[in-house]
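Engineer: Using the sequences and the accompanying hints, generate a full structural model.
Same order as they appear, the protein sequences are chains A and B. Numbering-wise (the working numbering), the first sequence opens with residue 1 and increments by one. Numbering-wise (the working numbering), the second sequence opens with residue 192 and increments by one.
If you are wondering where the hints come from, they were derived from the structure by calculation, not from laboratory data. One or more hints might be untrue.
Claimed, not checked - Listed next, with one range per pair, are the computed distances between beta-carbon atoms:
1) 256/B <-> 63/A: 38 to 44 Å
2) 309/B <-> 106/A: 51 to 57 Å
3) 44/A <-> 198/B: 26 to 32 Å
4) 158/A <-> 291/B: 47 to 53 Å
5) 226/B <-> 106/A: 45 to 51 Å
6) 149/A <-> 313/B: 35 to 41 Å
7) 106/A <-> 211/B: 21 to 27 Å
8) 110/A <-> 214/B: 19 to 25 Å
9) 295/B <-> 166/A: 54 to 60 Å
10) 198/B <-> 18/A: 42 to 48 Å
Every residue, glycine too, gets a C-beta built ideally from N, C-alpha and C.
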Amino acid sequence: MTEVPDQVYLQRVLDGDDNAFRFLVDRYQDMAFGLALQLLKNREDAEEVAMDAFAKCYRSLGSFKAESRFSTWLYRIVYNTAISKGRKKKLTVSAIDDRIVEQAPEQDIQSAMAQMQQEERQKYLGLAMEKLHPEDVTLVQLYYLAGRPTDEVAEITGMTVSNVKVRLHRARKKLYFYLERLLRDELKTLL
Amino acid sequence: MTFSEDNDPTRNLFEGWTPEKPSDDFTERVMHEIKAPSSVSLNTAPIIGRWGWAGIGTAVVGIILATYVGSANFQTAWWKTYFSGLDRVSWRPPEVELSATTGIILLSSVAIAWGFILIDRVYRINSYSDT
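Structural biologist: Here's what the structure looks like:
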C-alpha cells in the first residue's frame, strides 16, 4: 500500500480541514522529537520544542512554497527552535583532539558491532552519540537515521553542503572513537 | 580521507534503529495547541498589536498635550472659552505657538510612540515568523 503524499494532507489543511494535520504529526513526530532530544538532552524540553515546531508549521502553512519537502521544512524549524532553546540553557559538551580521533579502528568496530544484537548495538551507539556535540548528533541523525542526503541536511541546518560533509566526517570519526572506548574489551577478544 | 555518500559501512550500524518516541498523547496535545483560539498566524493576526496601539495612543496624547500647552491663551485655554460659551461666536481655532516646551513634548511623545511600535514589530516577528 503506497503512502499518501504529504502534499495531499497539506492541501486538505489549507482547505480548512485541520484534522488532516494530525496525519503529518503522526508521521513525523518521532523524528522531530528525536532531533530535539539529541540537541537538548531532556525529554520535556524536546517535546515542547517539537510541539512548538508543529504549531509554527501549521500557522505558517500558507507561506510554505513546497520548494522543499514538508519534513525538511519541519526539521529546520525543530532544529532552529531547539538551538535557540539550547543556547538559553548553555549546553556543555566535551572537546577531544581530532588527532586522537583519527586513530580509531573503524573496521574492527564495525565487525564487533555486526556481531551484536540490535538492542545492544543501539545501546552502544546511543552512548557514543551522547558524547558528541549536539549539532554533530543532529547531522548524524538526519543523515544516517532519517536518510537525508547531504544537500537536504545542509538546508535543514543552514550549513553549506561542504561544511555538512566535513562535520559528518569528523562526527563519524568521533563516533568510532567513543565506540572503541565503550567496546574496548569486546574488541580485544575479537583481535 | 574525504567524506563519501556511497558505500558507507557506517550506515549498517544504524540499521534497525528504533527512534525515541514522545509521550503517547503528543499528537493530541499538538492538535489541541493548534486549535486553541489564541493560535493566530502573522497573516491573520491584526496588523496592529497591543504595543502598537500603546504607541499610537502615546502619539495622540502627546499631540493633544503639545497643542494645549502651545495654545496662545494657555491660561484661559481656548477649549474652556469655547465650551463655556463666552467666546463661541468669535471662536477661532487655537493659535499654537511652537515653543521649546511644545517641541519637547511632541518629540518625546513621538519617540516613545515609535519605541512602542518597534517593540510591537519585534515581539510579533519573534512570535510568529521564527521559521
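Engineer: Next step is simple, just say for each hint if it's right about the structure.
Structural biologist: Hint check:
1. Remark: the range hint 38 to 44 Å for residue 256/B to residue 63/A is upheld by a beta-carbon distance near 42 Å.
2. Between residue 309/B and residue 106/A, the C-beta spacing of about 54 Å keeps the proposed range 51 to 57 Å intact.
3. In this structure, residue 44/A and residue 198/B break the distance hint of 26 to 32 Å, their C-beta atoms being roughly 40 Å apart.
4. The hint said 47 to 53 Å for the Cβ distance between residue 158/A and residue 291/B, and at roughly 51 Å that hint holds.
5. For residue 226/B paired with residue 106/A, a C-beta distance near 49 Å keeps the hint of 45 to 51 Å intact.
6. Here the CB-CB span from residue 149/A to residue 313/B is close to 36 Å, well matched to the stated 35 to 41 Å.
7. Remark: the range hint 21 to 27 Å for residue 106/A to residue 211/B is upheld by a beta-carbon distance near 26 Å.
8. Judged by the Cβ atoms, the range 19 to 25 Å given for residue 110/A and residue 214/B is violated: they are separated by roughly 35 Å.
9. As the Cβ distance of residue 295/B to residue 166/A is approximately 58 Å, the hint placing it in 54 to 60 Å holds.
10. The beta-carbon spacing between residue 198/B and residue 18/A, approximately 45 Å, falls within the hinted interval of 42 to 48 Å.
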